Structures are given as C-alpha cells and as structure tokens.
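Chemist: Sequence:
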Amino acid sequence: MSELFDCTDETTRAEGIAAAVEAVGRRGCVVLPTDTVYGIGADAFSPQAVAVLLAAKGRGRTMPPPVLIAHPRVLDGLAIDVTEQTRALAEAFWPGGLTLIVVAQPSLTWDLGETRGTVALRVPDDEIARTLLEQTGPLAVSSANRHGQEAAHNAEQAREALAESVEVYLDGGERSDSASSTIIDCTVAPPRVVRSGAISIERIREVVPEVLDLCDDEPCEDDEGTPTA
1 MSELFDCTDE TTRAEGIAAA VEAVGRRGCV VLPTDTVYGI GADAFSPQAV AVLLAAKGRG
61 RTMPPPVLIA HPRVLDGLAI DVTEQTRALA EAFWPGGLTL IVVAQPSLTW DLGETRGTVA
121 LRVPDDEIAR TLLEQTGPLA VSSANRHGQE AAHNAEQARE ALAESVEVYL DGGERSDSAS
181 STIIDCTVAP PRVVRSGAIS IERIREVVPE VLDLCDDEPC EDDEGTPTA
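Using this note's numbering, read the sequence shown as starting at 1 and increasing by one per residue.
You may find that some hints are simply not true.
As the list claims (entries may be wrong) - What follows is a set of in silico ranges between Cβ atoms, one per label pair, in the way DEER data are often shown:
1) Asp-6 <-> Ser-107: 37 to 45 Å
2) Gly-25 <-> Ala-92: 42 to 50 Å
3) Val-188 <-> Ala-92: 14 to 22 Å
Everything labelled a hint here was simulated from the structure, so no lab data went into it. Keep in mind it's a predicted model, so treat the numbers as computed, not measured. All residues carry an ideal CB built from backbone N, CA and C; glycine is no exception.
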C-alpha cells in the first residue's frame, strides 16, 4: 500500500524523504513536488523502474521522461558536447523552470525510451525535490498524471490519478499557480524552444539572444506536448 507524507512538517518530511529513497532503491515510483507541477519519479539508471513509471502514466517508449538532477554540476556527468549557450542557460535558470535537451553520455547505462541519444535535464527550484535528488541521484521524472490528463498541482490529485502504482507520495503543498517548465533543444544550432512554459522567451533571449521560439522560421502549430515536471 502506498504512503503519503506531509512534507510541510520537518519531522514528517525527513520520514517521507527516507521512505522515498528506499522506494527508489527498490525500483519503485515516488511522487514529489517540484517548483512547477508534481512529478512521478523513478531511478533514471534502472530500465525496470523507468518502465514502471511509463506504465503508471500510460505512456510508451516514444515519450521518454526528462531527468531531474540536484545540482548544475551534474550536467557534465550526464551530457557531452555541452555548448557555451547551454552552460549560460543552465547558469541563469537552474535551479528553475527550464529543461535543457542535450546529447547524453553514451557510456551511461540507462534506458529512458526512444531518446535518439539525447536527455532532457533540469534542476528544480524546490527544497524537497532537491533533498530527495541529493540522496537518490538523478531521477526520471514526468508530470504526476495519466497520459492526456491535466498535470497534478497537489499530492491528492496525483494520488487520484496514479493510486497504488506509486509507493510514496511526498506532499509539499499546492502548486496551483505553477506552469510546466520551458523546454529548449540544445542539440541543434541555434537552440530552439520546443515547449513554452515557466520561463518566457524574452527572459531566455536576455541570456542567449539567438534562441529560436516555437514559431520562428516555420509554420506555428499549437503546443500539444504532455506537461513534464
């Protein structure tokens, strides 16, 4: 049976983090708050755990989850060919609501799905999430909802959607005013926004002026991507 921990209380938070670390170690899934929306997370280096995550969401391997990390310095351990533009964006917006798609280290033993050799990375601006990530290492994390449903803005919404497919729910309070992260593909030149979100294109271009927006240089279509944490 899954457990829910009130992480707004320091004592219960410590218990919840410990339970979540154990669940991740068993290749189970956990729900955690982030600075954007609630996410369902699993060990990024366990193909079995990632498969359980995708099954819980009702998603296939063609929609691989992004990976949350505790510190920007982890970037170089997970990616190669990191450009100065990518580093500038990470320095400016991590921790925060910006996800960067980079070329994954080919030596890493992970299987996130059909990534075509890339990985989407983010450092969340949330104390609970980063405390967990410091103890578990990188987590594959997607929005805590079934595929096609609205992203969860609190732990109860996540529990209604995911039920017993998740072992531990960490309740960090409401995230009702939070947008999903902005996603930038840094494997192309110039980098391009592939999903708009918490960080506006105006703020992004203050750091890297050449970043292309969704509609630049091509016909604009509605962004129908499934929210990620």
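Chemist: Run through the hints listed earlier and report the numbers of any the structure violates, in increasing order.
Modeler: 2
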